[in-house]
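There are 2 protein chains.
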Amino acid sequence: MATLTQDHLNNIQAYWEASNYLAAAQIYLQDNPLLKDPLLPAHIKPRLLGHWGTSPGLNFIYVHLNRLIKASDADFLFICGPGHGAPAVLANTFLEGTYTETYPDITQDENGMRYFFRQFSTPGGIPSHVSAHTPGSIHEGGELGYSLAHAAGAVMDNPALIAACVIGDGEAETGPLAGSWKSNCFLNPARDGAVLPILHLNGYKISGPTVMGRLPDETLTALFSGYGYNTLIVRADDPIDIHQEMAMALDTAYEQIREIQQFAREGKKSNSPSLWPLIILRSPKGWTGPVMWKGKHIEGTFRSHQVPLTDVVKDQDQLALLEQWLRSYKPEQHFTPDGKLQPALAALAPSGNKRMSAVPYANGGTDVHPLRMPDYTNYAVSVKAPGESIAEGTRELGKMLRDIFELNEDHQNFRIFCPDETSSNRLDAVFEVTERCFMEHLLDNDEHLSPDGRVMEVLSEHLCQGWLEGYLLTGRHGIFPCYEAFITIIDSMFNQHAKWLKTCREIPWRKDIPSLNYLLTSHSWRQDHNGYSHQGPGFIDTVANKKSNVVRIYLPPDANCLLAVMDHCLKSYNYVNLVVAGKQPSLQWLNMEEATKHCAQGASVWEWAGNANQGKPDVVLACAGDVPTLEIIAAAWLLRKHLPDLKIRVVNVVDLMALSPKEYHPHGMEASLFSDIFTDDTPVIFAFHGYVRIIHDLVHGRPHPARFHLRGFMEEGTTTTPFDMVVLNRMSRFHLAIAAIERAERKPANEAEAISYFEDKLSMHNIYIRECLEDMPDIRDWKWSDI
Amino acid sequence: MATLTQDHLNNIQAYWEASNYLAAAQIYLQDNPLLKDPLLPAHIKPRLLGHWGTSPGLNFIYVHLNRLIKASDADFLFICGPGHGAPAVLANTFLEGTYTETYPDITQDENGMRYFFRQFSTPGGIPSHVSAHTPGSIHEGGELGYSLAHAAGAVMDNPALIAACVIGDGEAETGPLAGSWKSNCFLNPARDGAVLPILHLNGYKISGPTVMGRLPDETLTALFSGYGYNTLIVRADDPIDIHQEMAMALDTAYEQIREIQQFAREGKKSNSPSLWPLIILRSPKGWTGPVMWKGKHIEGTFRSHQVPLTDVVKDQDQLALLEQWLRSYKPEQHFTPDGKLQPALAALAPSGNKRMSAVPYANGGTDVHPLRMPDYTNYAVSVKAPGESIAEGTRELGKMLRDIFELNEDHQNFRIFCPDETSSNRLDAVFEVTERCFMEHLLDNDEHLSPDGRVMEVLSEHLCQGWLEGYLLTGRHGIFPCYEAFITIIDSMFNQHAKWLKTCREIPWRKDIPSLNYLLTSHSWRQDHNGYSHQGPGFIDTVANKKSNVVRIYLPPDANCLLAVMDHCLKSYNYVNLVVAGKQPSLQWLNMEEATKHCAQGASVWEWAGNANQGKPDVVLACAGDVPTLEIIAAAWLLRKHLPDLKIRVVNVVDLMALSPKEYHPHGMEASLFSDIFTDDTPVIFAFHGYVRIIHDLVHGRPHPARFHLRGFMEEGTTTTPFDMVVLNRMSRFHLAIAAIERAERKPANEAEAISYFEDKLSMHNIYIRECLEDMPDIRDWKWSDI
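These protein sequence lines map, in sequence, to chains A and B. One point on numbering: in UniProt numbering, the residue at position 497 of the first sequence is 497, and numbering is uninterrupted. One point on numbering: in UniProt numbering, the residue at position 338 of the second sequence is 338, and numbering is uninterrupted.
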C-alpha cells in the first residue's frame with residue numbers, strides 16, 4: 001500500500017499544478033505562455049472557449065494513474081467520459097511528450113506551448129473535445145453515456161489491460177451509462193482485462209445539480225455494492241492529504257483487481273462473485289480555480305462548468321484574478337525558462353508505450369490480426385434454378401460464423417454482440433463451438449452459457465454497441481446481429497462512431513480499425529408474431545446520411561448473396577457495414593457463382609426473370625431487399641403470363657449505394673453501367689425494403705429520376721401475414737404489376753383486363769383477411785405466396 | 001395490514017386461475033372455449049403465437065392490485081413493461097367487462113370468448129402486444145426500456161394517481177430503464193402522484209438468463225436502497241401463502257406511499273429523503289404452466305418464453321398435457337356455463353372508472369384542458385425591414401413559455417422537459433415564474449431549483465422523452481427543447497410514440513392527445529465551441545419517415561416565425577411537431593404579420609430578396625432553416641450586385657412538408673401553388689439545414705425534380721466559425737452564387753468574372769482559417785458575415 005514520501009507527494013502536487021496550468025492556459029492564453037510577463041489583455045484569446053469545470057479533477061486522476069503505472073508497470077488505457085475536459089487530457093499528452101511526437105509542430109518549448117494554447121478550440125486548430133485527434137483516446141465523449149461500455153469492450157480479450165474509466169456525474173445520469181455498470185457481469189477475469197471505474201462527482205451539470213452528486217456516501221456505497229462493486233471514496237474536502245488518500249485508493253483498487261485476476265487465472269472458483277473496485281472522487285467543480293467573483297461562488301458550482309471568468313479583457317479586476325489563479329500553479333517553477341517540464345516532474349510520467357497517451361491499445365490495438373476467414377463458398381446453398389429451393393439465410397451464415405470462431409480461436413479476436421437474439425435470429429450453429437458469456441452463477445437448466453463464451457448477449461442494444469465499439473477500436477473483430485426495428489435504439493451511438501471513423505481517415509497516424517458490421521434480421525416485413533412496434537426499417541436512412549467513405553449498405557436477396565456480402569464485410573476495415581436480410585425460409589435465386597458476381601457489381605439485370613434483357617424494355621422492375629425481390633419476381637411472372645407482349649426487365653440491387661451517382665458514394669455505379677441496367681428513360685417500378693425516401697434521393701442525379709416509381713414500407717403494419725404486410729404497404733406483386741402496366745411506355749393490348757384481374761386478387765385477399773377470424777388459417781400458409 | 005380471510009384468498013386464487021386460463025387459451029384455442037368437450041386438435045389454432053412466460057406473473061400482480069383498489073378506492077394506472085404479456089392484460093380487461101364495453105362484438109359469453117381467443121395475434125384480429133387497442137394502456141412495451149419513465153410522467157401533476165409499473169427482468173437490463181430508477185428524485189409527493197415499481201424477476205429473457213434474476217435478495221435490496229427505494233420481496237417459492245404475502249407487500253407499499261404523501265402534503269419537511277416502496281416479485285417463468293416435457297424443464301426456464309408446448313396438434317401426448325394444464329385452471333368452476341365469470345369472482349374487480357382497464361388517465365386524461373395560450377404576436381420582434389435587426393429566437397420564445405406557465409398555473413398542466421439545457425438554449429425567461437424541479441437536498445449556491453419547479457431537467461434524453469410521453473398520454477402539455485445532435489438519442493422512442501399516435505387515430509374510442517413538441521436548437525451550424533460530435537441534423541429524416549398524418553417539421557428562419565410556429569404547435573393535438581431553430585443572435589427577416597402569413601402558407605417567395613418575382617426567373621434560390629436562409633439571401637444579394645441582369649427569385653420554406661406532393665403529406669402544397677413559387681422548370685438552388693437527401697425525396701413527384709440542386713450538411717464539421725461551417729459543407733453564399741450562375745437557364749454576360757470573384761473570396765477564407773492560429777481573431781467576428 002502506498003505511503004508516499006513527502007518528496008513524492010510534493011512532486012505529484014507540482015505535476016498536477018503543471019497540468020492544471022496547461023489546461024487553464026489553453027482556455028485563456030494566446031501569448032505570454034509561461035507568464036514571464038505580467039498578464040495583459042493582449043495575451044488573452046479573443047474568444048474564450050473550453051470547459052474548465054471537470055479539468056482539474058481529470059488532471060488529478062491522471063497524475064495519480066501515472067504514479068500507479070510507474071509503480072506497477074501495468075498497461076492502462078484512459079477513457080475520459082467527460083470528453084469536454086479535453087484541456088486536461090491534452091495537457092497530459094503534452095507533458096508526456098506524446099503530443100510533440102505526434103504533432104512535431106507543437107514543440108516542447110515556449111513557442112510550442114504558445115501554439116498548443118492557441119490551437120485549442122480555434123478555427124484551423126483542434127476541436128474542443130477529446131477527439132480522434134487526441135493521442136491515446138478511443139472515446140470522444142461529446143455525447144455522454146458510453147464511456148463505461150467502451151472501457152468494457154476494450155478490455156475484452158486483453159487480459160493485461162486495465163481501462164481506467166472516468167465517469168462524470170452528468171454522464172452518470174444517462175440511461176446508457178446507468179445500464180453499463182453491470183458490464184462486470186460479462187467480464188471474465190481469467191481471460192479479460194479489468195475496468196476500473198472512477199466516478200468523478202463534482203456536483204453539477206451545465207447549470208443544475210446532479211443526482212449522484214447529492215447522494216450521501218452510504219447511499220452510493222449501497223448502490224454500487226448492488227451493482228457488484230467495492231466502493232472506495234476519496235473526498236477533496238477531507239482534512240488529510242488528498243494525494244495520499246488517492247494513492248491509497250488506487251493501490252487498493254489495483255491490488256483488488258490483481259487478486260481477482262490471479263484467483264481466476266489460477267483456475268480457482270469463488271463461491272460468491274467478486275466485487276470489483278470502484279473509486280468515487282468527490283471534488284469541487286472547477287477545483288483550484290477562482291473561488292468567488294462579485295459575491296458569487298465559482299469554484300464548487302455550475303458557474304465553473306465552462307469559462308469561469310469571462311470578462312478578463314474588459315475588466316481589470318477580473319484579469320488580476322485570472323493572473324493570480326494562473327500563477328497559483330507556479331509555471332515558473334514547474335517549467336524551465338525555455339518551456340520544458342522540470343526533469344524531476346517529467347520523471348513522474350511513465351515512458352514509451354506505458355504512457356496512457358501512447359498505449360497501442362488506443363490506436364489499432366496490440367498484437368492485432370486480420371480475421372482468418374473460411375472460404376464462404378463452402379457454405380453455398382445449392383440453387384439449381386432460381387426460385388426452386390428454400391433456405392434460411394441466417395442459418396447458413398451461422399455455420400460460417402461458427403467456423404470463424406474456430407479459425408481464430410488462438411487469436412481470441414472475434415465476438416458476437418447481440419441483444420439475446422442469437423438463437424432467435426437462427427445463428428445457433430455458433431453454439432456448437434462457443435457459448436453465451438455470463439459471469440453470474442449458472443443453473444442446471446441453462447443452455448450454452450459459460451464464463452468463456454464469445455457470444456455477448458445482454459438485453460441492451462446500447463451495451464452491445466458500446467462493447468463492440470470498444471472491442472473494434474482496440475483492433476479486434478465483431479458483428480452485431482439485431483432485430484431491425486430495435487437497432488434504431490443506438491442511432492446516435494452509430495452516428496458518433498461513424499464520425500470517429502470519418503475523422504480517423506483524415507489523421508495520418510491513426511491506424512486501421514476493423515469495420516463495424518450490423519446484421520439486421522427479424523425485419524419489418526416478417527414480424528408474423530410481433531407487430532407494428534417491431535416494424536421499422538429507418539436505420540438504413542440513418543446510416544446513409546453519414547460520410548460516404550465510411551458507410552456501406554447491403555440488402556442480400558438470398559442466402560448465397562448474404563454469405564458473399566458478409567465475407568466481404570468481415571474482412572473490411574474502417575467502415576460501418578449494414579446488412580439487412582431476413583431469417584425466414586425463403587426462395588433462393590442465385591447459385592454461389594452468380595451471387596458472387598452480383599454482389600461484386602452491386603446491381604444487375606436478372607435475365608431469367610424478365611423478357612426484355614437486351615432490347616429496350618417497356619418497363620423495368622427493380623427491387624432491393626429479400627421480400628421486395630420476391631414480390632418483384634412474382635409481379636414479373638404475372639405480367640409475363642397475363643401480358644406476354646409487355647417487355648419487362650428485372651433488376652436486383654444488393655449494394656444500395658451502387659444506385660448513387662459516383663461523386664456521392666465510392667460504390668456508385670458508373671453512369672454507363674447505370675444506363676445499361678436501367679436505360680436512360682424507361683419507367684422503373686422499384687420495390688424497396690425500407691422507406692422509399694432514400695431511393696428518391698439516390699436516383700437524383702441519374703437520367704430522368706422522375707421515372708422511378710417507388711414502393712416500400714409506408715408505416716402500415718400489425719401482427720399479420722407476410723403477404724398482408726406487402727398488401728397493406730401497397731408493395732404486393734399485384735400492386736407492382738398494376739403500377740408497371742399503368743406506367744409502361746407502350747401500353748399492352750389487354751391492359752384493362754389484366755389490371756382488373758389483379759385488382760380482383762387484391763379484393764379476394766382483403767376478404768380473406770377479414771375472414772381469418774372465421775377460418776383460422778395457418779398464417780404461415782399465406783394464400784398468395786406461390787409465384 | 002391485510003390479513004385476508006381464507007374465503008378471500010380462495011377467491012383471489014380462483015380469479016388468478018380464471019385470468020391464467022384466458023391468457024393460455026388466447027394462445028391456443030380457436031374453439032371449445034370453456035373446454036366443455038374433450039380437447040381435440042381441431043380446437044387448436046393453426047398457428048400458435050403469443051408469449052406465455054410473463055403472463056401468469058402479470059395476472060398475479062393484476063388480481064392483487066384489484067384487491068388493493070377495492071380496499072383503498074385509490075386511482076391506479078397499470079403500466080405493463082412486458083407488453084408482450086398481452087394475453088394477461090387482455091384477459092383482465094375481458095374479466096372486468098371493459099373489453100366488451102369497448103368492443104361490443106366480444107361479448108361476455110361463450111361465443112364472445114371464442115372470438116376473444118381467435119382474434120389474438122391473428123390477421124384481421126388484434127396485435128400480440130399491449131397496443132393502443134388495449135383499453136387502459138398508455139404503453140405498448142414492444143420496445144423495452146420505457147415503462148418506468150412513462151409511469152413517472154403519468155403521475156406528474158396527478159396527485160391522486162398511483163402508477164403500478166411492472167418491469168420485467170429483461171427490460172431491467174436496458175439502459176433507459178436503468179436510468180429511470182432515479183425518476184423518484186423528480187417526483188414531488190406533495191403535488192405529484194406516486195409510482196409503485198413492481199420488478200418481476202422470472203429469471204430469463206428470450207433464451208438467456210437475466211442479470212437481476214440471478215442476483216441474491218440482499219444485493220438487490222442494496223442496489224435499490226441506493227436508488228432510494230425500500231424493497232419488499234415476494235417469492236413464489238416461499239412456503240407461506242404467496243397470496244397473503246403479496247397482499248401484505250402491496251398494503252405495506254400503499255401505506256408507505258400514503259405516509260410519504262401525507263407528510264409532504266401537510267407541508268412537513270423531512271431530514272432525509274423518503275424511501276419509496278418497490279416490490280420485487282420472484283416467480284418462475286411460465287409459472288403454473290407445464291413443468292416438463294421430454295425430460296426438459298419448461299416452467300421456470302426460457303423454454304416458456306413464448307409458446308411452451310408447440311406440437312399439440314401432431315402430438316397426442318402433448319395435447320393431453322395441454323388439456324391437463326388448461327383444466328388445472330378449472331374454467332368450468334370459474335365461469336358459468338354460458339361463459340360469464342362467476343359473480344363472486346367478478347365482485348373482486350373494482351367497478352367503473354376504478355378498473356385499471358377503464359381509468360380515464362389512460363385515455364386522454366382526467367380533468368383535461370387545452371393549453372391557454374397568450375397572443376403570440378405580443379412577443380413580436382420589431383422588424384422594420386428585412387435583415388436590419390438582430391434577435392435571438394429562443395430568447396423571445398422563452399418569454400412566451402414563461403407566460404404560458406402563468407396562464408395555466410391553476411391547471412398545472414404544462415411542463416418543460418430538457419436535458420439540463422434550458423438556460424443554455426436561452427429560454428431562461430421561464431425562470432422568472434418557475435424553477436427546475438429537484439427533490440434532493442438543496443444548497444445555498446443552487447439557482448432556480450425547487451421541488452415545485454415545472455422545468456424537468458435531467459441529463460438523460462431518454463428520461464425527458466419518456467416522462468414527456470407519459471405526461472402527454474395522460475392529457476397534459478409539454479415541450480422538449482434539446483441540442484439538435486443529441487435528440488437522435490431518442491430516435492427509437494420517437495418512432496414508437498409516432499406509431500402509437502398513428503394507431504390511436506384508427507381507434508374511434510381513443511381520445512385526442514396533446515402533440516409532442518420538439519424544439520431543436522444549438523443546432524449543427526452553430527457549434528462554435530463544441531464541434532463535430534454536436535453536429536448532426538438527422539432527426540429530421542427520422543421524423544419525416546413516420547406516418548404523414550402525425551408528423552410535422554418546421555424550420556422557422558427567424559424569431560417571429562418561431563413564435564408563430566410554436567403557437568400553432570402548442571395548441572395542436574395528435575402530432576409530433578419538430579421545430580428546428582437556432583439560439584444565436586441572427587438577422588431578422590419578417591415582421592409578425594408577414595411571419596404569420598408565411599408560416600400559414602408553409603413556403604413563399606420573398607420578393608424583397610430577389611429581382612424576378614413576377615416574370616420567369618433564370619434561377620430560383622430556395623432555403624429552409626435559419627443558417628441556409630442567411631446564406632441564400634446573401635447569395636441573392638451578391639448575384640444582384642455582380643450580375644444585375646440575372647433574374648433571381650428567392651423562396652423560403654418554413655413548413656418542410658409543404659414541399660411534398662399533397663398525396664404524400666396533408667401539408668403538401670397544391671400543385672398550382674408549387675408551380676407559382678418554384679415554376680415548372682426553372683433550375684432551383686436549394687440550401688437546406690439538414691442532409692439534402694430528404695429534399696430530393698420531397699420534390700420527387702413535382703415537375704422536373706432533376707432541376708433541384710441541393711446544398712446541405714454533408715458531414716463536415718469541427719470546432720470552427722459559423723462561416724467556415726458553411727464553407728466546409730459547400731453551402732456558403734459564394735458556393736450558392738456560383739451554383740446559381742452555373743445552373744441558371746440564361747447565362748449572364750459577365751458570368752466567368754463573377755465566378756472568379758466568388759472563388760477568390762473562398763480562397764481568401766481558406767487562407768484566413770489557416771492563419772487563424774497566427775491572428776487569433778474573435779471567431780464570433782466571422783469575416784464574411786455581413787451581407
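I should point out that these hints are in silico values taken from the structure, not numbers from a laboratory. One thing to keep in mind: the hints can contain errors.
In silico SDA-like pairs for lysine to any residue, Cα to Cα no more than 25 Å straight-line [stated by the list, open to error]:
hint : chain 1 : residue 1 : chain 2 : residue 2
1    : B       : 70        : B       : 446
2    : B       : 662       : A       : 314
3    : A       : 314       : B       : 776
4    : A       : 340       : A       : 730
5    : A       : 36        : B       : 443
6    : A       : 296       : B       : 446
As the structure is a computational prediction, the values presented were derived from the model and not from experiment.
Hint check:
| no. | hint | result |
| --- | --- | --- |
| 1 | B:70 to B:446 | violated, 44 Å |
| 2 | B:662 to A:314 | violated, 56 Å |
| 3 | A:314 to B:776 | holds, 17 Å |
| 4 | A:340 to A:730 | violated, 71 Å |
| 5 | A:36 to B:443 | violated, 40 Å |
| 6 | A:296 to B:446 | holds, 11 Å |
Consistency note: the structure conflicts with the earlier hints numbered 1, 2, 4 and 5.
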